[in-house]
Each structure stands twice: as structure tokens, then as C-alpha cells.
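A.B. asks: Now for the letters of each chain:
There are 4 protein chains.
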Amino acid sequence: MAGNSFGKALVATTFGESHGAALGCVVDGCPAGIELAVEHIQAQLDRRRPGQNRYQSQRHEGDRARILSGVYQGLTLGTPIAVLVESADAKSGDYKDLADHYRPGHADFTWDQRFGRRDPRGGGRASARETVGRVAAGAIAEAVLAAWAKRNNTEPIQIIAWVQQVGEVVAQGPAPAQILPGQTGGYAFDPLTLTREQVDASPLRCPDGQAHARMQEQVELAQSERDSLGGVVRCVVRGLPAGWGEPVFDKLTGMLGHALLSLPAARGVQFGTGFAAAGMRGSVHNDAFLPGFHFASNHHGGVLGGISSGAPLVLDVAFKPVATIPQPQQGSTSQGAVAERTVTGRHDPCVVPRAVPIVEAAVAFVLADAVLGASLVKGDA
Amino acid sequence: MAGNSFGKALVATTFGESHGAALGCVVDGCPAGIELAVEHIQAQLDRRRPGQNRYQSQRHEGDRARILSGVYQGLTLGTPIAVLVESADAKSGDYKDLADHYRPGHADFTWDQRFGRRDPRGGGRASARETVGRVAAGAIAEAVLAAWAKRNNTEPIQIIAWVQQVGEVVAQGPAPAQILPGQTGGYAFDPLTLTREQVDASPLRCPDGQAHARMQEQVELAQSERDSLGGVVRCVVRGLPAGWGEPVFDKLTGMLGHALLSLPAARGVQFGTGFAAAGMRGSVHNDAFLPGFHFASNHHGGVLGGISSGAPLVLDVAFKPVATIPQPQQGSTSQGAVAERTVTGRHDPCVVPRAVPIVEAAVAFVLADAVLGASLVKGDA
Amino acid sequence: MAGNSFGKALVATTFGESHGAALGCVVDGCPAGIELAVEHIQAQLDRRRPGQNRYQSQRHEGDRARILSGVYQGLTLGTPIAVLVESADAKSGDYKDLADHYRPGHADFTWDQRFGRRDPRGGGRASARETVGRVAAGAIAEAVLAAWAKRNNTEPIQIIAWVQQVGEVVAQGPAPAQILPGQTGGYAFDPLTLTREQVDASPLRCPDGQAHARMQEQVELAQSERDSLGGVVRCVVRGLPAGWGEPVFDKLTGMLGHALLSLPAARGVQFGTGFAAAGMRGSVHNDAFLPGFHFASNHHGGVLGGISSGAPLVLDVAFKPVATIPQPQQGSTSQGAVAERTVTGRHDPCVVPRAVPIVEAAVAFVLADAVLGASLVKGDA
Amino acid sequence: MAGNSFGKALVATTFGESHGAALGCVVDGCPAGIELAVEHIQAQLDRRRPGQNRYQSQRHEGDRARILSGVYQGLTLGTPIAVLVESADAKSGDYKDLADHYRPGHADFTWDQRFGRRDPRGGGRASARETVGRVAAGAIAEAVLAAWAKRNNTEPIQIIAWVQQVGEVVAQGPAPAQILPGQTGGYAFDPLTLTREQVDASPLRCPDGQAHARMQEQVELAQSERDSLGGVVRCVVRGLPAGWGEPVFDKLTGMLGHALLSLPAARGVQFGTGFAAAGMRGSVHNDAFLPGFHFASNHHGGVLGGISSGAPLVLDVAFKPVATIPQPQQGSTSQGAVAERTVTGRHDPCVVPRAVPIVEAAVAFVLADAVLGASLVKGDA
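Chains as they are written, first to last, in this note's numbering: chain A, 39 to 419; chain B, 39 to 419; chain C, 39 to 419; chain D, 39 to 419.
What the hints contain is simulated information worked out from the structure, not anything from laboratory work.
Every residue, glycine too, gets a C-beta built ideally from N, C-alpha and C.
One should not assume that every hint holds.
Simulated restraints on C-beta separations [stated by the list, open to error]:
#1 V376/B / R104/A: 50 to 56 Å
#2 K188/D / S372/A: 21 to 27 Å
#3 R264/A / A213/B: 24 to 30 Å
Taking the hints into account, I'd like the entire structure generated from these sequences.
C.D. replies: The following block contains the structure:
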């Protein structure tokens, strides 16, 4: 099945193997007349790129994006926007001996079961490097959102993600239910004013300085012990108007769940109070209305019945620890024999900071898709 | 945007408002020659139906399903299968005064923001009653899975869900990482042999008797206090072969996330060890291979890189407490004024037991869609 | 493959076998707030219905449509609109002996090759009776177009089809290139003022009285000789604004070609001057501009580069003669032996008049889909 | 609306403006393990390329294709196949003054109406140069068809198109109804043995030598008179098994109609006897069965009820004369004032020979999509 496209009104198709000639995306359905500069795409790609600091894989890819189509004189044409990132620094030799080896925690085995063959170089298309296309598409989606807000004279829609947890260390910001104007003061950071620059100011992209220090310790300890750590990325969307999303299968929660749980290494997604809501009573979880369609709390995380409520969207994505660790692991041969091996190559001890722009891209894409689709079925049609 | 269809190779389109003339679905893409009896659909609809016990809404709808097309002489034709459930017991009068009232925790407000108007009778299409169509589609999907296993002479693919948590009470079965043959003994119940009959034997559909007793207490307490409780449904798929699913956007995790996070009241989804994986190290989380493509543990919950591994699929869905509770709640008028009101009507104090067949239906549909799509791109094409 | 849906922003899914319990459609993506009465759907179904006059199959089905969902208080809700037509007068006995017989010119053989089995009663889903769902969907699409014109204060978009040819008799209206305001006078009829009532005034739905008389002779002669006749339906759309349609795969011509060449018995489609354009020079075929974006001629039939030009849309659909004729025909057994047989049952000697509302429905659906989709990518986004 | 993709099981997304940085396509859904060489793609691109002979536009683009992804060691991976053709010889200066001029017969005006802006260089994405992506996708589809035949040990599926008509000159091959084994002898050429090499042996790609000579005269005359000519491409598919295609909206005729009527300059499509069938009686048009599911004639052109019958597929596509001619034409300014202008640039006097590989590509793509989708719903599921 053709499964490399995402979206309905706005459709991103991504392509490319980790060590192939290039990766990229084609975004179709973008309206005409939207300002789009390659620099905006590049900025998010740079945040995703390996080698940004000492905790990350030392592959210096560069990941230079080119816009091949769909933009003329700085404005979109309404035609497909193709973005290409050609590969520069592929050391395929590192992986050659993996052609017959299935690493634990990797897709090597399942991919072979699915397709009968695979590109073993750098994990092929099962590599997290496939998110290059997702991030480029997300940057285009952000341009759509910016144009929408400008046209409608509303405040900008800002999508900010950060590292909320690494290993067992959790950042001490406000709980999702408190992420509402006027309730976010007095915490280690304020999700309603946080900027990407502030997030990027710390190597692990955690805006809680004390937590960050402990996260660093944990990552360095894991690294020294040739191990890896998982974590959680939290994302907040500010300025999202009420009324976005579809009510049945394509609820914002459903579409975001699709986009986020298809990210490499993602193991869970929750909205607002999330899993903790299971333990609550309705009288506590229900967010009372305040005058003017405001809310007294934000357990619902900005989505009611699949449609945005005007409160900040709040969601979490859990990522497992990176599977490739430089210590012996019990894998399998393609014949089903157990094979212990230490896999070398370039890998991060903790991938979660690099997941921040990827989560933002997924959220941006879902929202842009929703608003472009929503324009179809407004009540005043 | 047309958002009432789900699936790619197998597509379900659902329709119907809670108190409208009928609800139903059309399932397109079902292969020809598959045994399909209306009784199979009816059985799952009966499990979803309100009024099954004292903890549930006393609406006695009946929900009788008719197959209108696509089946001839007990076998599918390869043409669309339309299933219709006509409404019988709609007491619209109960809801008439809600036309101008937005209940907290409901989609009333967001729906109006989205569409400019809505059907206020019983929540219209925002009612959980829309899942009638999903459950019918899931039953058809199960027939597809049964036919697949029969044709391929493999063990049946069994999808079993149960209530894992109600309020703060958690059933004591094996952890997801232990849900593997040979590891599930010694617990309150065994997810690898559990049957739907066993699940249904307790009113709250929790197979851990001790936990069930405490859950009952909690539900009765909440009910007596005019309140409601949330919970978690866990689902296991047994007999799922390796190699199902797509590697990028349409990972099993992504498609399941889409289907499950679009269920009414769903607030989170996790696979295998899920959110707890964020706190782990790679050396712990990685599931070592055993001979013959078996695994020493199941942290990955049966999905690696979006594709099934042959280990049991394990996932959790968190549901918030039912929003409608028979006590005063602070809602809003359509003009934005706060309006406290006690909403009457028929509602469950805990919806989670009825979510069990709905989760099974969503999982069945995603798997049937995956296998029908997967036949396209096997390596031996 | 799920192939029973059509459209992108507006999606119609149809279902039903000729002699099954019911036929119908679900239309998803219709905006909220549009006036929709079942009578409008019924009116077009009545025009499609057999038994309207002596040239048509005497099946008195009635074809009573019910709207099951998506409409509340006379206005659409933005939710899926399900329309159901239950079967009343199915004489399955007439067809029972066809289970092992492949009729020439029918889909019996190819259907069995495709699906391995079929519903032989009345042709099952290969019967032209499947167009019930298409016509209902087309009527909904016309309501969308009416709402669009009303909201935009433009003239109504009128879709008028008629029988342009039966056998070798051709109606003498203006050539497509002349179907422009001010150029259609002096012909047997005027496509720019013709109404559906005028078209229906003649049994064969041909507005050229002289041609109609000769067509009647031809049909009666064919009927008396136990034979059938093909024909051509021409369709004109008036009031279609410029700028509708997509430029590449989803050109209006492509989408209309898809919708129209998927109609039962359709063998060809052409736009404007059509096949005759192949014999022309560019200097003749190019339609010169007049002031105010008007055109001196309409060889292009209202579509340039796949997008509407503001000139009337003009297209033709060729239908083959009805395959079932009450005389011996050389068919096949399912084992491949030649079998001569006279097939009885209820069939029209000339199906083309009943194709008129079906063509209108297909055109209406494509246009409504185009305008709902087009709102997404206007230059002012 | 995202309208730059085509297909369901196999999906081609194309991108690129005529004088932009590059054109190309991404093909998703191609099975793994299929032999695919860039040379095969290049071969068809070379046949589409301008500048092949004196009747064609003298743009020497080269059109060198690169496969960027989805192929490893000569075999497909089951991942998206991106094909890129970078632009080399773009003389944008030729077109600069067209930014405010709408040429008659072109999409300049309608494109502006649709999107509010456009890329005027070489027609932007409205240029027939967009078919580069279609041709590359078609070549990949041919690889799919070749793999299918090889795996099923059937004869190869051969798609052969040629120029059947230029201006008023028509090639004298057998009528569609005679394009059946044993009936094609005694004509100027035999569609059942014709090769692409034979088609390419004549500059105008017409295999009837006498007709070709007269076509050449007509083209040279038109060229000398600064004019252009239209024509018809006929396409035959040999070796197509019975049972391909879907029965309702996605009939082979519907999907082919979509693909072919979305080609630049296409004005009509017909199957088998096509428009001439409208003038026939059923007793003549019905193709009698012969033993073994063979047919006595091929009026149906290889498709019955939308599904292939095993007889050769026969279809015609009518193309209008090229709109750009080097003589004064009455266009419009963007303000609606008439503007007579002689547009210069590089254009063919007759585009039909270059349409031959484009038609083949469209047909190949529809067939590959059909067979990949059809594997889903075979009766033996």
C-alpha cells in the first residue's frame, strides 16, 4: 500500500533512504500566494540535524534543502512544492555487515518480513533520517498557518515543543490542566511564553534548568555506560482558534495520534491530562466554562470532541531509548539464529532533543491540513 | 473535509446522528468470498449497546443490524457492504433544551465553532453512539482476518480487550513486556488465553476478580455521588503474524493511534511499555532475540518500526470520565455567558466497559486494512 | 481495491445490488447549513426510474428515497448524508438461470474473472441500477452548487443534458463551438435556455422535435425487431464561473472523464469540439478573446487547461446500445462453452433517455467537488 | 485541493514548473523486488522529449532522469521511488512579456482565475512539460506489469500507441472491432504485432506509410502557414488478462478516462468502437462469445462493465491542435482588454507524435494500479 503520504487537504509525500542519493518531500495542496523561503525550512532541518552537540550522532550531513518547484518569486504557486536534501556524508561502509543481521529493537527483522528485502545502509528508510521529509513538510505547514493568521488578523499560531522528560528526570512546568493564560506563573518555565530560542538554549532542549542539569548527568552516565535513554516531548500550541478539526475519524486527536505515533521510536501519545484522566472523576476532569468561552482548567488539552476549543493544545509524545547502543546485544541472523553483536556507527545516546522539531513539524502539518480542509464545511457555506 | 471514512485498502464510512433515523456504515474493499453473517456483527453491537447492566445508560435501543448489500448467499461479493441500524427508542425531548447550552467536557461548543450548527438531540453525531458504525465495520474486519488465517492455514488472529483500569484501580495481569508465551502464568489472569466470554463474565469487563470488586465499589460510589469515572482499556492481539503494517506514516502504531485516538473520550494511547519506556535505558528496553525470531521480552508490544514482529500486539487506551454527570456543572450559553445546569438524560457512570468492543473493532479494522494493503507489496511481487 | 467512492472534497460512496435489499449512497464532505429536501433527490431519481414510458423497462420500482442522516430541520449538518432506496419490486426469478450464463456485451464474464463470484439477480452490482446512488449524490451536489451561487450572489449554475443522438439520428442544435450567448439562435432548440421540463416533454428527451420524431421511429423499429439502440447525451453547464478545477491530474476534463466513462454503457466522452478538434488547425480551433474575458467561439467547451473559462461547459457522452435484447445471442457458459440464449427480463430498447439525469448527476458531483476543493487554494489564502 | 497525485494502490505524485529548477515524480506503492533501471525511464523520456526531429520544438533539454530513492542494487525496495529531471536549457527570457498576457487556447487566463497568480515562464506548470513526471511514472508502472507477467508466467503485457490521425488524414489499420487475433491481417499495419521501434521509424509515429506521407505534407503545410494541427493517438494493449479493473467508479474506462482526459490538449477519449457505437444496434455491437472466452469481434475494446475481458484493449485519444502558433492571435490582458499578439517561443506544429509515449505512460499506470489493487479482492481471499 502506498503509505508514504500524510494529510488530506494538504498532502505530504516523503521519500528517501538514509544512505541513498537524497531525501525529501513533495507537499501538495498548499494554497497560492503564501510567503515561503528556503531559509525557514532550513532552520527547522538544522534543529533536526545530527551533530549539533556532544550528545548527538557525529554525522555532519549538512542537510541543505533546495526548493525545486511550487514557489515563484518567494510566493507559493498553488502547485506541488518539492524539497530536496541530497546526501553528502554517507559512510555506508559502517553498515555493510548488517545486511544479514537483525538488531534488537530495530525494524531490520520486521522490514524483511514485510518486503522481503531492504537497504541495510544506515537502516535504509527505517532510519530516523526519513524525518528530514517530515520536517521540511512541517516548515511549509507553518508557512500556511502564518498566512492564515495574517489573512484573518488573528494572533500567530505558535507551536512550541520541548523535552519534558529524559530517563526518569521530569521538567517541572505547569501540569497540562494549568496550561492556560494566567495559570502558568510560578513554575520553572512558562509554556505560554517559551520561545524556540529559549528551548534551544540548552543542549537537551529542556527549559527547566535544574531538571536539565540532572538530565545531562543521566545522559552522560548512560553514554559512559554505552547505553541510551528515552524521554518525553511535550508540545503546546498557542493561538489555535476554536473550531479546527473534524468530529469523527479525523478528530485533531486522531490525526495528531496518526502523525505522532508514526514517528520513529514513538511509543505513546496523550492529550491534556492524558492517561492520568483515567483515574479521575468527571466532576474534576470537566473543565468549567468561564465567560467568553474561556475555561477554568485545561484537562482537555485544547481539544473537545476532536475539535479545538481555543484553549492551548497540549500533548505529550513518549519516545523509547535509542535501540542502537555500543555494547553487545542479542540480535538474530536472517535465518533465525541468535547472534550477539556490538553494532557500531553514529548514534545519539538520547534522541529526544532532536525529536523536538520533528514533533513540531507533525503538529504543524496536522493543523495546516485541518484548517485548509475546514474551510470547506463552515456553516456559512 | 470528508472525514467520516477510515482505512486505505479497506475503507469504512460511517454515518448517523444519535437521535436521527439510523446509523450505519459502508465498508468498501472487502474481498469476495468471505463468510459474513449478520449475527457476527450483531454480537459485537450487543456488547457495545447501552443498558446491558446497572452501571450503564438505560436506553434500550436494540440496535438491530441489517446487511443491505455486498453479501449474497452468506458470502461477500467484493462490493460495498452496507450495514444499517435504525433508531427505535429516541427520546429527543430529553435534550431539547440543550440547543443553546454548551455542556462542559462535551463537543457542543467546539461543534458549533466548527460547523455553525448542530443536531442537539442526544449530542447528534458527537454522541458516542456514532461508534455503532465503527463496531459494525470492525466485525466485518474480523471476518476478513478469519478468512485470511483460514486461507493461509495459520492460527486465528484473536483480538481481546478488557478493562485494565477504572479510576485508580488497576488490574493485576502481566506487564506488557511479559505478554509473551511462557511468561504470562502466575497472574490474576492470562492475556494469552483470555476469551471474550471470560471478559464479559464480569459487569465491568475486568478479568481480575479482586480488582473488579474494587472497581465496582468505585463505580457505585461515583454513581451514588452523581459522578463518573474514567479508565483504561488494554487490548492484546494474538496470532498476529510478523510483517504487517507500513514503515513510514502508516505504521501500525500510526494507524492504530489514528483509529483509537479518534474514539470518543480517548485521551491517550500507548504501545507495549509505552510511556514507561521514556524512563528506561536501551539495554533494558531492547527485546533480545531468541532463536526462530522469538523475543525474550515484549517491551516493543509487537510492533517494531511500525511493522508487526510476531509477538503479541499490546496497547492501552485511556478514556476520560464521562462528561455528563447528574450534578450541576458550569457550562456556557451560545453567547458566551456562564450557565450552571444539571443535565439529565441517560448516561453511564463509567463508559469504559462498553469501550471494550469499540477498541477491538478499531484494532480489527486497522489490521484487516493492513493485511489487504500489504498483499500489494510483498517482496515476491 | 475500494472503488465505490468518488470525489475528493466531496465524496460519494454508493452501495447496493440490483435485486438486493437496498441501494443508496453516503455523501461526505457536504458543508453545513445547506438546504436539502428529499424531494429534490426524489425528483432526479424519478427521472432515472424505469417504467416512465413505453420505451422503457416496465419495472415499477418506485425508488423512494429516504435521507437517513446529515440533515436536521431541512439544513445539512456537515455530517455524512446517507440516502437509502429500499427495493420493492425485485423479480429475481427472472434471472435465476443466468448464474451460469455469460451474456454477450455484459459484465457477467468479466465480473466472475475479477471476483470469482457474483450476484446473478438482475446483474447484481453490474446493473445500471447502481446509478440510483449516483443520482442521489448528484442531487446533493446540486444543492451544494445552489448554495454556493446564493452565497456568492452569482447566477445559478444550471446543468442541462438531453439526448443528442439516437442510433443515426442527430438533433440539430448549435455546434459546441457556437454554444455561447448570442450564438445559439436559429436552431431547433437553444441549449442556453433549455429547461429540464422542456427536455422531459418528449419521451426520448430530445428537444429537437423533428429529430425526436425520427428517433421514435428508429426506437420503435428496433423494438419491433427485438433489438436496441445506442445514442449520445450532450450536457451543457450554464453559469459556471471561471477558475474551477485543478490543473494537472484533476482537471475538470479528467474528473468528468472519470465520472462519465465509469457510467454503465458509456463508450466515449468529448469536450467542446472534441474528436473533431483533431482534424482542425490551431488558427481555427483557438477561441479568440473578446473584451471582458469573453470568447468569440467555444471550441474549448468551457475548459482551458483543465480549469473552467466562464464559457458554457459542453460535453458529450456516447452510450452503446443496450446489451440485453430479446433475441438469441451467443453467450458462454462459465466453463467457456458457447451457449446461444434469448435472455428475458425487463430492459429498455434505448437506455439513452434515462441516462440524461445520470449524466447531469455525474457532472453536478464533479463540479461541487471542484468548488469545495478549490476554496482551499485560492490565491488570497 | 491536492490534485497532483494519481492512482490508488500505486500513486504517482508529480511536481515541477516548465522553467523551474526541476520536474519529477514520486511513485509510492510499488512492490519490492521489481527490476527497475533508470535506462528504462530514460528511454520513454527520450521519446517524449522535444527536438527529436524537424517537426518539433527545438528545445534541447536533455531531460536526464535520476532515481533518487526506492531502488537498491537494481531492485525496488517497496519504498517511494523519486525520479528527478533537473532543468538545463530554460530560456525564460522568451516568455517574460507573457506575465500580463493571456494567450487564446491556453490556460493563462483560467490559471489566474484559479490561483490568483502563476509562473509565466514557459507556461509554468500548465506546460505540457509537466508530463515528464507522468512519463517517468508510466515507465515504473511498466516495470510493475513486466514483473507481474513474469511472476505469473503469462505473456508480457504490451502497450503500444501510435498516431492514428493528423489533421484530416487517418491511418488505415483495422477498425477497433477487428483488433483481435486472426482479424488484423491485410491492413496497412497490424496493431497486434506492431513494435515501438516500428512506430518510431517514422517521424510522425504513424505506422501506415501512405497515411504518414500525407500527414507529413499536412504538417509541413501547416508549419509553412505558421499554423498547427491536431490528431488522434490510438493505443492497444496486448496480453492484458481478463479480470482487471473495478466495477463501479473505478472501471478501467473511468480510470483511463481520468488519466487520458487530464493530459494536456486532450479533448476526447473513446473505447473500442466508441462514439460510433452510439449509432449501432445491440445485435451488431454485442460481441458474440467464441469457445474459451474468446470473442467474435471487439466492439467492446477489451473492457466489459469496466473490467478487462482478455481481448485487446483499444482506445483513442483526441488532441486539439497546439494553441501556440507563430501568427497574430487575439488574446487578452489581465484586465480583460483584447490584445492581439504573435507569441514566439519553441513549439511543435503537431504535438501528437510526442503524445504517443505519454498516452502509453497513462495507460501503463492505470493498469499497474489496477492489478496491484485487484490482488486485494480476488475471490479466493
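A.B. asks: Go ahead and decide if the range 50 to 56 Å is satisfied by the Cβ distance of V376/B to R104/A.
C.D. replies: Check passed, 54 Å falls within 50 to 56 Å.
A.B. asks: Does the Cβ distance between K188/D and S372/A fall inside 21 to 27 Å?
C.D. replies: holds (25 Å)
A.B. asks: CB of R264/A to CB of A213/B, is that within 24 to 30 Å?
C.D. replies: holds (26 Å)
Of the hints listed earlier, there is not a single one the structure fails to meet.
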